[in-house]
Amino acid sequence: MSALMIRDLHKSYGGLEILAGINLEARTGEFVALVGPSGCGKSTLLAMIAGLETVTSGEIWIGDRLVNSVQPKDRDIAMVFQSYALYPTMTVRQNITFGMESRGVPKAEQAEAVKRVAALLQIEQLLNRKPGQLSGGQRQRVAMGRALVRDPKLFLFDEPLSNLDAKLRVDMRTEIKKLHHRVGKTTVYVTHDQVEAMTLASRIAVMNQGSVQQFDTPKRIYDRPTNMFVAGFMGSPAMNFIPARLTGATSIAVRAADGSDATLALAAPLPAGAPKDVVLGVRPEHIYRFTTDLKSRKPAVESMQAPVELVEPTGAETLAVLRLGDLEITGRFEPDDAPVMGETITLGIDMSRACLFDPTTKALL
Amino acid sequence: MAEIALNAQHDPEAAAAARRYFWRRFLIYAVLALFAVIYLAPLLVVVFNSLREQSDIARNGLISLPRSFRLDAWAQAWGTYCVSGTCEGMKRNFFNSLWMTIPATVISTLLGAMNGYVLSKWRFKGSEILFNLMLLGVFMPGQISLMPWAFLLGKFGLTNSTYGLVLIHVVQGISFTTLFCRNFYVSIPDDLIKAARIDGAGFWRIFRKIILPLSPPILIVTVVWQFTGIWNEYLFGVVFTSGQQQPITAALVALTAGGTTARAYDVMSAAVLIGALPPLLIYLFGGKYFVRGLTQGAIK
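Line by line, the protein sequences give chains A and B.
Here our numbering = 1-based position in the first sequence + 19.
Here our numbering = 1-based position in the second sequence + 1444.
One chain only, chain B, in its complex shape:
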């Protein structure tokens, strides 16, 4: 091989082909880079603005390279900025979101895993119909259930509370988590369940000892999906909570509706970034598994 390469004569055709290949690649990467810039530009602008001084923004406009650098806006947005009279920043709303998202994600994922297990491995008369009905929930826009939820939360005394939102997100999320888990569990061979039944394991033992240990790929998918979905959800938050009870997505709007003073674009930018951070982190750490889990069956 090496000898042939060393003794190779200059081949004009091969050189031309290599040049063509280079330019073709170059073009593809250039287009991709352009799109990446377009997608990233808004994020970049917000990041810059969160670090610029308010005067710099006022002088040079919203879209501009930073000529000043400071972290004050972040600190204000987190802890001291005043929204309609209270000067606590986004801190409280951030934790509201966290205490809403974590339990809602965990509970809806566990319920989805249970449902998926029953609907794939313990089928009963009508279980397919039930599954299809649950699937309807996937295609149902959230606003359809606004009125029923208003009624139910009123009945349970859960209006304007994080618990109410947890309940809503658990129920609204079940169709998705069930769909994910059920489709994953279908690919687990039924023989495993039969073998376990002969081995004397019951419904719960099979779930704990056989199904759950096989589940990490799909559980990561549902957790990433549910966490980002619930964290970013806005409609229920803004309708059913107010003031100090609001999750951060709803509170951000209150920030912009601030009042008579000049708009603090630096603080707003920082607040938006604080609100976007957790899903971003989740995706950064879980994204790889997310893609893998979506395409992978239970047993290789």
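Chain A with its partners taken away, still in its complex shape:
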């Protein structure tokens, strides 16, 4: 059974359409991430699931209940906000019990629940402090505690990590993942950070301009993005888009730096009706320095020449900017085997991992 089901959901303010027909579902216990650039409607969608925004048309089901016009407090949800939204005049303990008090839970039960959650999140020593006396990471924990104490059907997270510094963000990300494993609650998690979405979610909905572009497992989204938006949004550095021309049923030509055409064999034939001009999408990590050894290990690797314009070592890997025709592409290399600036190297492009897109519809071929 699905814990959350969204059918053809629309939202508009006046004439402005924010969400244009969203379909989504989360199975019980699943971790779904909504990811997209700012203004794509992901936070509005979350607010509608929470009941903080009205529904223009469409249906939201939580469990087996249609909740379109149900009050937030009766939806059996808990939410963690980007700003944490801790009540500033209350202690951590009061913050956590506020919801239970509103719902008239007996005092003894409240104390028990606080104890359980405080132990789970290791915030026992903070219970009598005010939010103003806590660090960012501690506030984050308290905000999660306030949500966890409810034992809801559905957890909603609205960019919970974006106010933390880079290191803390990675730590808390790991903790959220562990927590989800332990608690096993259905979770909808909004983020603009594709790495967060990839690492946390069991399924990702990539959104753009008010609609879901692709809803699939992180691996499928990364390997087989349905269109150029998804391909470009997921992954950093972004996928390289190289204009190419079909030269046969299973080969394409791309422009090399010297203006000549390099012919690359496709790993699989294109479907019938594919356009003559296509866009070759290659992720930086599928670009190698070509060797015969590589070819024997990865038979789909195709080679071409490219001058190295710039090298950026990051420690764990080295990024190289390579020239192809009049465009620059990025390759990701082992630091020990990285090209040097000014060198012209023979690239190996793993065509079995490459994607081909239609340049007019932007869709995957």
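Note that these hints are calculated values from the structure, not bench results.
Ideal Cβ placement from N, Cα and C applies to all residues, glycine included.
Hints may contain errors.
Example chain A residues on the side facing chain B (calculated, C-beta under 8 Å, incomplete) [to be verified]: (1) 69; (2) 71; (3) 100; (4) 106; (5) 122; (6) 124; (7) 127; (8) 324.
Here are the computed lysine-lysine pairs in the BS3-like style, where the Cα-Cα straight-line distance is at most 27 Å [claimed, not checked]: (9) B:1569 to A:149; (10) A:92 to B:1653; (11) A:92 to B:1565; (12) A:126 to B:1565; (13) A:149 to B:1599; (14) A:186 to A:172.
Let chain A serve as the given structure and place chain B on it in line with the hints.
Showing chain B alone in chain A's frame:
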């Protein structure tokens, strides 16, 4: 550091700079002191006169240092001085003012907080227009509403009563208190309200448990503002009440219009000071918070 200072040679340039700095400061403080004296002079004159004997005032003029000292004028002004036949001093009018100002301040502040809460956190279609209309009241001079109030008080049977004045000041004050509170509450993050709604709190519970505890800075501002404003108000008091029902501001005028006897400047001075004391005290105790509250947002 210390060594350098000890071994420092006399530096004529630095000494000149220090001298210039001293004179510049001196000038600034001198000007400030002069203005302070100018502002305080009237108060000083009134305080002196309230303590001088009537004969001393008659002999040496209104503006002069006291050559006598006694508190009789204060006692007279408070309890026994005769105004148009009744010899009760300002006591009754003082309490009239108090029983008018306290409820009017409390009620208008609470209504302002409620209005501000609704207009900032529970916006509805047309709430901005409503707010702008309420703002008009801030810029509306009181005398415009004299006639309508005369009509309404007559209808309610509240003419010549403190209750009538309370009603007037509550209504007249709402635009100010609403403006103050609404602008303060706008700076409280909406996420707090959303979180509380998911937590199951309703309109009133959110107001009581989340908004009000955050409100002391702005409530102090509105209370100070309303208390001084209502206490010092004169027009409505003098138009809608008379005699024993008058607030002290209106009664002070009756004092000066006394009659045929020589003007009792000592009693008048004391009466004026009695009438000015409560707002002065409020400002003395609340002034610090007043300034702080005006500049501070809800959440640091």
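Outcome of the hint check:
A cut of 8 Å between beta carbons decides the hint on residue 69 (chain A): the least distance to chain B is about 6 Å, and the hint holds. Taking 8 Å as the C-beta cut-off, the interface hint given for residue 71 (chain A) holds, the closest approach to chain B being about 5 Å. At about 5 Å, the closest approach between the beta carbon of residue 100 (chain A) and any beta carbon in chain B falls short of 8 Å, and the interface hint on this residue holds. With 8 Å as the threshold, the beta carbon of residue 106 (chain A) comes within range of chain B, its nearest partner Cβ sitting at about 6 Å, so the hint holds.
The interface hint given for residue 122 (chain A) holds, since its Cβ lies 5 Å from the closest Cβ of chain B, which is under the 8 Å cut-off. Hint status for residue 124 (chain A): violated, given a least beta-carbon distance of 10 Å to chain B, over 8 Å. The restraint placing residue 127 (chain A) at the interface with chain B is violated, with a minimum CB-CB distance near 19 Å, outside the 8 Å limit. The closest approach between the C-beta of residue 324 (chain A) and any C-beta of chain B is roughly 55 Å, which is over the 8 Å cut-off, so the hint fails.
About 36 Å separates the Cα atoms of residue 1569 (chain B) and residue 149 (chain A), which puts this hinted pair outside 27 Å; it is violated. Straight-line distance between C-alpha atoms of residue 92 (chain A) and residue 1653 (chain B) comes to about 17 Å, which keeps the hinted pair within the 27 Å bound. For a cut-off of 27 Å, the pair hint linking residue 92 (chain A) to residue 1565 (chain B) stands: about 17 Å separates their Cα positions. Proposed proximity of residue 126 (chain A) and residue 1565 (chain B) is contradicted: the alpha carbons are some 30 Å apart, above 27 Å.
For the hint pairing residue 149 (chain A) with residue 1599 (chain B), the CA-to-CA distance comes to about 52 Å; that exceeds 27 Å, so the pair is violated. The straight-line distance between the Cα atoms of residue 186 (chain A) and residue 172 (chain A) is roughly 31 Å, outside the 27 Å bound, and the hint therefore fails.
When each numbered hint is compared with the structure, violations occur for hints 6, 7, 8, 9, 12, 13, 14.
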